[in-house]
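Take the given structure of chain E and dock chain Z with the ligand to it, following the hints.
Order-wise, the sequence lines are chains E and Z.
Residue numbering for the first sequence is 1 to 330, as defined by our numbering.
Residue numbering for the second sequence is 1 to 788, as defined by our numbering.
Simulated from the structure, these hints should not be mistaken for laboratory data.
It is possible that some hints are incorrect.
What the hints assert, rightly or not - BS3-like mimics (lysine-lysine), calculated; alpha carbons at most 30 Å apart, straight line:
id : chain 1 : residue 1 : chain 2 : residue 2
1  : E       : Lys226    : E       : Lys48
2  : Z       : Lys307    : Z       : Lys432
3  : Z       : Lys311    : Z       : Lys182
4  : Z       : Lys113    : E       : Lys226
5  : Z       : Lys71     : Z       : Lys39
6  : E       : Lys226    : Z       : Lys39
7  : E       : Lys226    : Z       : Lys706
8  : E       : Lys320    : Z       : Lys778
9  : E       : Lys226    : Z       : Lys307
10 : E       : Lys85     : Z       : Lys137
11 : Z       : Lys454    : E       : Lys320
12 : Z       : Lys664    : E       : Lys320
13 : Z       : Lys39     : E       : Lys320
14 : Z       : Lys432    : E       : Lys226
15 : E       : Lys85     : Z       : Lys71
Unchecked claim - Which stretches of chain E does chain Z cover? Using the computed rule of at least three CB atoms under 8 Å from a CB of chain Z, they are:
id : region
16 : 214–225
17 : 296–303
Stated by the list, open to error - Ranges between beta-carbon positions, derived for each pair:
id : chain 1 : residue 1 : chain 2 : residue 2 : range
18 : Z       : Glu38     : E       : Pro94     : 48 to 58 Å
19 : Z       : Arg289    : E       : Gly274    : 46 to 56 Å
20 : E       : Val299    : Z       : Pro158    : 31 to 41 Å
21 : E       : Pro184    : Z       : Lys446    : 55 to 65 Å
22 : Z       : Asp536    : E       : Pro94     : 55 to 65 Å
23 : Z       : Gly785    : E       : Val299    : 39 to 49 Å
24 : E       : Glu323    : Z       : Glu192    : 46 to 56 Å
We put the CB at the ideal spot given by N, CA and C, even for glycine.
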Amino acid sequence: MGVGWPRNDVSQAVLKRKTFQKGKVMRDPVSKSHLWKKPCWEKYFRVKTPGEAVQILEELQGESRVIAGGTDLLARMRQEGFGVKALVDITCIPGLGEIRSEDGLIRLGAVATPKDLSQSSVLREKAFCLAQAASQIGTPQIRNLGTLGGNLCNASPAADLAPPLLIFEAKAKIAGGKGEREVPLDSFFTGPGQTVLNPSEILKEIIIPELRLDASATFLKLGRRKAADLALVSVAVLLAMDRKERTCQLIRIGLGSVAPTPIRAKQAEAFLIGRRLDDRSIQEAAQSAMRESQPISDVRASSQYRREMVGVMVERAIRKCLEQLEGKDV
Amino acid sequence: MKGEKRKVILKEKKVEIPLAKEELEVVGKQVIRKDGYEKVTGRLKFGADFDKAGFLHGKVLRSPHAHALIKKVDVEKAKALPGVVAILTAEDVPGRNGFGAIIPDQPVICGEKVRFIGDGVALVAAESEEAAIEALKLIDVEYEPLSAVFSPVEAMKPGAPKVHENGNLLTTVRIRKGDTEKGFQEAEVIVEQTYSLPFVEHAYMEPDVAMAIPHEDGTITVKGPMQAPFTVRRNIAPVLHIPISKVQCVQTHLGGGFGGKEDSSIDIGVRAALLAWKTKRPVRMEYEREEVTLSTAKRHPMIIQCKVGAKRDGTLTALEGTIYNEQGAYASLGPIIPPAGGTHAHAVIMLPGPYVIPHVKVDGYLVYTNHPYGGAMRGFGAPQVNFVHESIIDELAEALQMNPYDLRMKNCFELGSVTATGQVLDQSIALKETMRSAADQFEWFKRWRPPPSKEEVEKVEKRRGVGMAIGWYRTSIGTFSDGCGANVYVHEDGSVILHTGITEMGQGSHTVLAQIAAEELGVRIEDVRIVVPDTDIVPEAGPTVGSRSTTLMGNAIIMASQAVKASILEAASEILGVPAERLVARNRLIFDRDDQTRGVEFKEAARRALATGKRMMGQGWWAPPRPSFDVETGQGYPYFVYTYNTQMAEVEVDTKTGHVEVIKVVACFDIGRAINPILVEGQIEGGIMMGLGYAMMEEVLLKEGKVQNLNFQDYMIPTAMDAPEIVPMILEDPNRYGPFGAKGIGEMPNIPTAPAIINAVANAVGVRIRDLPAHSEKVFHAMRGRRG
Ligand SMILES: Cc1cc2nc3c(=O)[nH]c(=O)nc-3n(C[C@H](O)[C@H](O)[C@H](O)COP(=O)(O)OP(=O)(O)OC[C@H]3O[C@@H](n4cnc5c(N)ncnc54)[C@H](O)[C@@H]3O)c2cc1C
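Isolated chain E (complex conformation) (with noise of 0.2 Å):
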């Protein structure tokens, strides 16, 4: 596994530590806010197939959690105090982290980390702007542990892997008590920390159809240092243009931090599609991708610096992608 931390040790590491207290303890922001808890949980199941994990979730309903690199469902577990009664590890699952490219579609399992997604052959030959996205992900600790479906089914807005599949127009694959099921990734948020996976449903891939060869993507990540952040703003393009007219074919724009959910600059897109690629175009539907944003103020920014950074990030990322075209032979 490279330099990276052995996956069992890990788990083995969580095993350890199992002291379980009933029910939601305290989440009192004022006057508890310094009792930081121990995450804790009774059992702790190491799986071996979707099915047993969805077993597990399914007999244990709303007392049990899913669990892959644990970076972040234990702060979480930490930070507000709460107590389940399972765990359940899918990172033994074996074929859940391969990543593969399959008639002309590409397979993601969710338990691929961010390290693998950065050095995947297949990605950074066909998808290179997810690559980006995921060596940009936290530290090197956080890359070697985490995962892909983690990633996704944490929900944050800042999620780095959304905006790249969101311009991929990713499905996720979803398996549960009655069989699997399909959804387009743009549909699988549904707020912060909130998805369509019920609670006894498990991510199983994400699926990449296949991507037109002439179309470029990037991906940007603002944060407030250079590594180790979560993105105040961060942007995913995809751009397919008529040579000879510098006309836009082809514009999908993901972003994250910037709404409850990742999201895609639909009206941006539309300002865009068939337009000639110049400077005035390219400008407003940047603007656009502003007023279509409806960031927050938080410790880390202001609402109104981050949706300013929405039209600095989508105007980069737009010529971003038309350099690489204009370097592309076709």
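Showing chain Z with the ligand alone in chain E's frame:
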């Protein structure tokens, strides 16, 4: 010769030219760190790594109110919880219910009122951590909230809520030199500005831990990562109402301190000791990261008004400054320790900068508020005021249309200069040389150009700029109790034990101090073992602060080494038949100065010394020349020697996002003598990164007294990826009072970095940030709002 010369340093405390470098065996060499192997291999135990078995778990119940009266504390339900051994409230404190590094104004357990969010209102000891946490939730405290005050300026107004009985103004320190009115009349250009600096967290990697073990004989041991074990001991004794001799403080290796663990180890140490004392059982406490951020000391925030005047040619005529220094809820290391100790006095003394200014007037107010409290943090008040004088000098240069280098060169200290406090700088001062060397290395004159117009900035996506800043920093703490002791023991096999109370916290002190002992004794560095600082064993050393360790403790170690070396040389003299005065010890050998073929091994001499009943230990005690300072006039000699530094930074500003990237920092220091050059470089690089964080991202965000960014998800510090190219440069203008000419280096490097970066930002995009940190959003808005 070497022995004689150093005797002069120690007795007369004056004039001595240190040895030429070539004559030294261990000093000035890049020896391997004493703790390097254990740290790199992960074997070294930090406080939290010690076995928890047999310890009760202690926790603090903290106030959710910034200011409130405590009406009732009901502990009955919590006491009944299985596993709970003790719940303590204010009445349970046997002695003084207060602690503090200078003034014991912080209750161990608040009884009448709480003064900030995070104040301790009860202590719990339980068999398990879970039970302790559960018990905290069951303690019922009834508060009567009081109106609170969150700004030093507000707190000074009449009628402001009183944080402490005696009012909010804790200390006033002034400087009065010459007549500033006259000075400003003489001035042809005057610049006046207000700057503000935020609370900053030390962000030491290792959160605080304390293990307290009571003994049958009425003594108590407290172990933990303490930056100043003697200060912890001094606080525990009166709280438990026992003599200091019954308290033993033992240091565990610190995973970073930066001044923070001078305070926090008192806080956690006193509380753990109290729980252990009352339960008669060993108690262990560990603060969570969020608890550290919430409740321990930080770098003081300050609002500083400053005004400087100069002649057309750049000659400074006057400086006036008013410092509103926010102390927060408790005094910590803010107030005066006579004559010139404490953060506040230091800030006032440093505000005029390393410049010759004939007329100076500074008023510094240190004010209580209902925020967390300010304490010692690398630079001790200097980073704040350095940001101010180095910003305003640049603003003045712009007004004068001068190169900021030339303006500094024209006015800064050199040999014989007189400071704003009237101190004559009569030795070890190579500030101008650090400027010249840094400028050569950085190619300052090639790279500097006047700042651009708004149009020029808007034309490009990225723009580079350069900036510089200079600084001075004391060695020592400016108090009468700056003295420190050392014991050196030589064994019959030539191995050596060194007792010192200076703590190793990553800075490398123990390596440097061992080098000094080895050099003086004439043994190798690996022959010297430093025992863990333990107040039962090692002599009083004062705190490991003020960039004082190498210089002050180094001298004490030289004295101790010389004392024991006398026995060894006497024994060697008996063996060789050569008078002791003619003997030289070097690299485990003792030989005749005049006939170097005649010699004996060091261990041979040591064996004979023991066998013939000679004294096998040496003691040393050294205190710097007595400091002087008058808080009303600000006149005196507050610190006996200063380190000088020039830093030059290049930045690249993203004109559309406001993001600042620091490309390069060149930093040149006059440190007297680098006992261990690679450790000095380590201090320089680490310090610059800390200064970079101060400039660009670090800030404890407070809302109604509550910290908003409690952990490292929200509290930003720079990562390795944010590191610029750093070029450390060392100049050595020997300090006549220092061992081998050394001065302090620990704090200086993080001081001029922030203004150098901010000056470079102004140079790149023409906007000036006067309130730190200059994060992207702030720079963005400043560029937006720029007129013309
Ligand atoms: C220091 C640090 C830095 C970080 N930096 C970044 C960053 O820069 N960018 C970024 O996007 N994220 C960042 N993160 C967040 C996190 O690391 C990533 O989102 C990571 O990909 C989460 O994966 P995981 O496997 O660890 O998730 P887990 O914590 O294991 O799971 C997260 C959530 O998803 C659920 N879940 C996981 N897998 C599945 C599945 N297959 N099916 C159903 N439910 C599932 C879990 O039940 C849980 O609710 C950072 C985290 C830390 C601690």
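Results of checking the hints against the structure:
1. Lys226(E) / Lys48(E): With Cα atoms ~38 Å apart, Lys226(E) and Lys48(E) exceed 30 Å; violated.
2. Lys307(Z) / Lys432(Z): 24 Å, holds
3. Lys311(Z) / Lys182(Z): 13 Å, holds
4. Lys113(Z) / Lys226(E): Violated. Lys113(Z) to Lys226(E) sits at ~43 Å, over the 30 Å cutoff.
5. Lys71(Z) / Lys39(Z): Since the Cα atoms of Lys71(Z) and Lys39(Z) sit roughly 49 Å apart, the hinted pair is violated (cutoff 30 Å).
6. Lys226(E) / Lys39(Z): 27 Å, holds
7. Lys226(E) / Lys706(Z): 28 Å, holds
8. Lys320(E) / Lys778(Z): 26 Å, holds
9. Lys226(E) / Lys307(Z): Distance ~36 Å between Lys226(E) and Lys307(Z) Cα, so the pair is violated.
10. Lys85(E) / Lys137(Z): It holds: about 22 Å lies between the C-alpha atoms, which stays within 30 Å.
11. Lys454(Z) / Lys320(E): Distance ~26 Å between Lys454(Z) and Lys320(E) Cα, so the pair holds.
12. Lys664(Z) / Lys320(E): At roughly 27 Å apart (the allowed maximum being 30 Å), Lys320(E) and Lys664(Z) satisfy the hint.
13. Lys39(Z) / Lys320(E): 45 Å, violated
14. Lys432(Z) / Lys226(E): 35 Å, violated
15. Lys85(E) / Lys71(Z): Given pair Lys85(E), Lys71(Z) is violated - Cα atoms ~39 Å apart, limit 30 Å.
16. 214–225: holds (count 3)
17. 296–303: It holds, with 4 qualifying residues against the three required.
18. Glu38(Z) / Pro94(E): 48 to 58 Å: Check failed, 41 Å falls outside 48 to 58 Å.
19. Arg289(Z) / Gly274(E): 46 to 56 Å: 53 Å, holds
20. Val299(E) / Pro158(Z): 31 to 41 Å: Once the Cβ atoms are compared, 34 Å apart, the range 31 to 41 Å for Pro158(Z) and Val299(E) holds.
21. Pro184(E) / Lys446(Z): 55 to 65 Å: Distance hint for Pro184(E), Lys446(Z) holds at roughly 57 Å.
22. Asp536(Z) / Pro94(E): 55 to 65 Å: 59 Å, holds
23. Gly785(Z) / Val299(E): 39 to 49 Å: The hint (39 to 49 Å, Cβ to Cβ) is violated, given that Gly785(Z) and Val299(E) are roughly 22 Å apart.
24. Glu323(E) / Glu192(Z): 46 to 56 Å: 48 Å, holds
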